[in-house]
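Residue numbers (this note's numbering), protein chains in the order written: chain A, 1 to 123; chain B, 124 to 304.
Derived from the structure by calculation, the hints contain no laboratory data. Fair warning: there could be bad hints in the mix.
[What the hints assert, rightly or not] Straight-line distance between alpha carbons at most 30 Å, and here's what the computed BS3-like set of lysine-lysine pairs gives:
| no. | chain 1 | residue 1 | chain 2 | residue 2 |
| --- | --- | --- | --- | --- |
| 1 | A | Lys119 | B | Lys285 |
| 2 | A | Lys71 | B | Lys295 |
| 3 | A | Lys17 | B | Lys258 |
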Amino acid sequence: MFKSIESFFSNVESVGKPIEIGDVVLIPISTAFFGAGGGGGGGGEQANNGFGFGLGASKSLAALVIVTKDKPGTEGVHIHEFKNGKTGVGEALVEALPKMFEMWQMRGESPLSNEEREKLMNI
Amino acid sequence: MTTKEDIERLIESCNIVKSGAIELSKGIEEFEDSVDKQPIFVKPFVKRDFASNTGMTEEEWKRFAERLRIRFTSIEDDSRKVLETYKQQRSEGDTYAAIKKLKGTAMPFIDNGIVAIKAIEGFATYLESVPKKIKMAPKQFLKEEEKKKLIEAIPENVEKVKDLANLLRTIKDQLADIPAS
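Same shape as in the complex, but just chain A:
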């Protein structure tokens, strides 16, 4: 268990700013990937040599730590790890969050009072 947590966090490049939505807090965890590539080429008599080398780094959303405020201890903490740090999911999340906020704001006050709910349970 601890080993897997250690291994998970050893790849962590950055911990994003927590996003608080109602009683849920989302903490984005990103990892960085570095890549290097080289290539060379050679021609015949009419030499047309070429050589290339590239370095790249990219950051990818690897996981979300989801903390539910009203659940005490570890019960309220969930780590949702994205397989291979898929950018697609990260993009989806980026796209989803503002929409979720919007959806969240669409709700009004609860249409039923506690007393009314109790009445319905005893109907």
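Based on the hints, put chain B in the right spot on chain A.
Using the frame of chain A, we list chain B on its own:
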């Protein structure tokens, strides 16, 4: 005095309400299943959205639907007993006693039916708002094809839920009109 025809109509209505309550419960279960398929970070939003807009959690809605089914099963049973006294041409005293029992069984619904109607109408209003929310869902979470399928099913369900609320209103008035003694 309540007529034999009134009681026959009441029995028929009870059956429709019972089926409606079962359908409501199944609908909530289907909703729960569809929420379970959503990514972990989407679920709390959908659940909270549902509860805050309909006034109850899925679990409470299922319990309410079950209470409704049980109440109308009892009302139907007692209505049938009233009907028997008419069919068997028993004394007026027997009929009054059966009607009194029916009235007693129906009383929790007569008293609180208006809240049930309000809740069910609120549920229909929420359903009407769902297509807008489905359209907002990112394609990574809900494919266009699934969105279309979900949206298409909603108008029919809205009508069913509204019909249930209207029927409950009619029955409530019908039951309230039954003389207590």
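Going down the list of hints, with the structure as the test:
1. Annotation: proposed proximity of Lys119 (chain A) to Lys285 (chain B) holds, straight-line Cα distance about 20 Å (limit 30 Å).
2. Taking the CA atoms of Lys71 (chain A) and Lys295 (chain B), the gap is about 42 Å. The hint is violated against a cut of 30 Å.
3. Distance check on the hinted pair: Lys17 (chain A) and Lys258 (chain B) sit about 28 Å apart at the alpha-carbon level, within 30 Å; holds.
In this structure, only the earlier hint numbered 2 is contradicted, and the remaining ones agree with it.
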